[in-house]
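Asker: The chain contents come next:
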Amino acid sequence: MPKIKLPTKSPRIDMTPLVDTFAVILTFLMLTTTMKQPEPANVDTPFSISEKPTPDFNTITFLLSTDNKVYINFDNGPDTILKYKPKILAEMGKNYNVTFTDQELREFEKYPSSFGVPIQKMKEFLDSKTPAERKALQTGIPMDSTDNQLANWILFARKVNPNIQACLKGDSKTAFPVVQKVLDILQDKNVNRFSLITSLEAVRINLDEIQQ
Amino acid sequence: MAEIIQEEKSKGGKKKPKTHIPHIDMTPMVDLMCLLITFFMLVGAMSKAKVMDLILPERIKDPTQQQAPRIAASRTLNIILGPNDKVYTYPGNVKPEDYNNLPPLTETDLSANGIRKLLLDKNRMLARRITDFKEQVTAGKIKIPQDSVQSAISKLKKEDDTGPIVLIKAYKTANYGDFVNILDEMNICGIASYMFTKITWYEDKMVEQAAGITPTATPTASASTK
Chain A
68 MPKIKLPTKS PRIDMTPLVD TFAVILTFLM LTTTMKQPEP ANVDTPFSIS EKPTPDFNTI
128 TFLLSTDNKV YINFDNGPDT ILKYKPKILA EMGKNYNVTF TDQELREFEK YPSSFGVPIQ
188 KMKEFLDSKT PAERKALQTG IPMDSTDNQL ANWILFARKV NPNIQACLKG DSKTAFPVVQ
248 KVLDILQDKN VNRFSLITSL EAVRINLDEI QQ
Chain B
5 MAEIIQEEKS KGGKKKPKTH IPHIDMTPMV DLMCLLITFF MLVGAMSKAK VMDLILPERI
65 KDPTQQQAPR IAASRTLNII LGPNDKVYTY PGNVKPEDYN NLPPLTETDL SANGIRKLLL
125 DKNRMLARRI TDFKEQVTAG KIKIPQDSVQ SAISKLKKED DTGPIVLIKA YKTANYGDFV
185 NILDEMNICG IASYMFTKIT WYEDKMVEQA AGITPTATPT ASASTK
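One line per chain: the protein sequences are A and B, in this order. Reading the first sequence from the start, the letters are residues 68 to 279 in the working numbering. Reading the second sequence from the start, the letters are residues 5 to 230 in the working numbering.
For reference, chain A alone in the conformation it holds in the complex:
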């Protein structure tokens, strides 16, 4: 019987189609992933079992930092399809006698993360170019009974966009009185539905274990 000769050269696989497909998938994933914008305050959200995803638009998010400051964010970032961010700012400015130029309104629309600036400092905030300057102006939204700007933000946000939904994003270590205060202000403005932003955690309960 003749010996079967094994080919000495390993077969070559043409990887071009594979690379093509990978390139397409990679491009798609890179474009669809929205990178998280750095927030003015670091917040570790608490865990819950809720699996409901965060809504992408029509949201007003209150960021409650550990040092008891409150920041606001509309629609989780800059790209509002509905373009109501500048309208809210204009209304807010009218109420406090601050007029914003078109450029400032555009700057506000583009601003990617939460802001915690008193309305009197807002002009300065939008005109400043460096992140360090902006960071220095982020002192939290005032919400005392004498100067309750947070209540006005909620009022005008709901006036401009009636479908807006209130989300609360707090750190696990945020003191409760701040949360209570924000909830109180919201309830004063007849907002009774809230979404608490949490991270997902899996929990399994075992009833038989707890039988005794």
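Hints in this document: simulated from the structure, not taken from any laboratory. Treat the hints with care, as some may be off.
[Said to hold, decoys possible] Output of the computed footprint for chain B on chain A, the stretches with three or more beta carbons under 8 Å from beta carbons of chain B:
id: 1; region: 83-93
id: 2; region: 119-128
id: 3; region: 178-189
id: 4; region: 259-267
Built from N, CA and C at the ideal position, the CB exists for glycine as well.
Once you've looked at the hints, dock chain B against the given chain A.
Answerer: For chain B alone, coordinates are given in the frame of chain A:
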């Protein structure tokens, strides 16, 4: 990284101009792309935060319309979030008149053996019914569209009349994490009716007695908004 393959010399010795296209070894590129795709897929799946809904009862601004909700004291369980991640519970209700004779608080914590055990104990029937229902759905014994599972569970909750009515309150030194955790416990244990209410001054006093805090007269944030 290009690997050019040289064709073996033919035996005849006659040299032909080589028309072969050089092969490029794409394996490292494929490896790298694989890694990048995995990374972006994971980032895309993980970065999305979740939300938990909380609905508070509408506030009645007219003081003449305000009245305490009428709920059975025997089914009521009060949960007070205390300092240092501690949780205090007491059953029934307390009237402001008996502030000299306040009921003792049971101290527990937010772990699986603490408040969850207590809640499941009280909510056994409903919790059992919900778990059975979920198991039957996963096993395929009940044919139900995935969308209506939630509404079927909420119907089970609505029909229940044995489980506790939980009132959640927070002492001023509690933190937001505790608040979310306790609401989460309500979802885990399938409590049908729970409500978040403001802490009363006598409950403040009860917590202070139980935790050994000397009462301070500092105005809290919740008091100043009134």
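Asker: A separate judgement is required for each hint: does it hold in the structure or not?
Answerer: Against the structure, the hints come out as follows:
{"no.": "1", "hint": "83-93", "verdict": "holds (count 7)"}
{"no.": "2", "hint": "119-128", "verdict": "holds (count 4)"}
{"no.": "3", "hint": "178-189", "verdict": "violated (count 0)"}
{"no.": "4", "hint": "259-267", "verdict": "holds (count 9)"}
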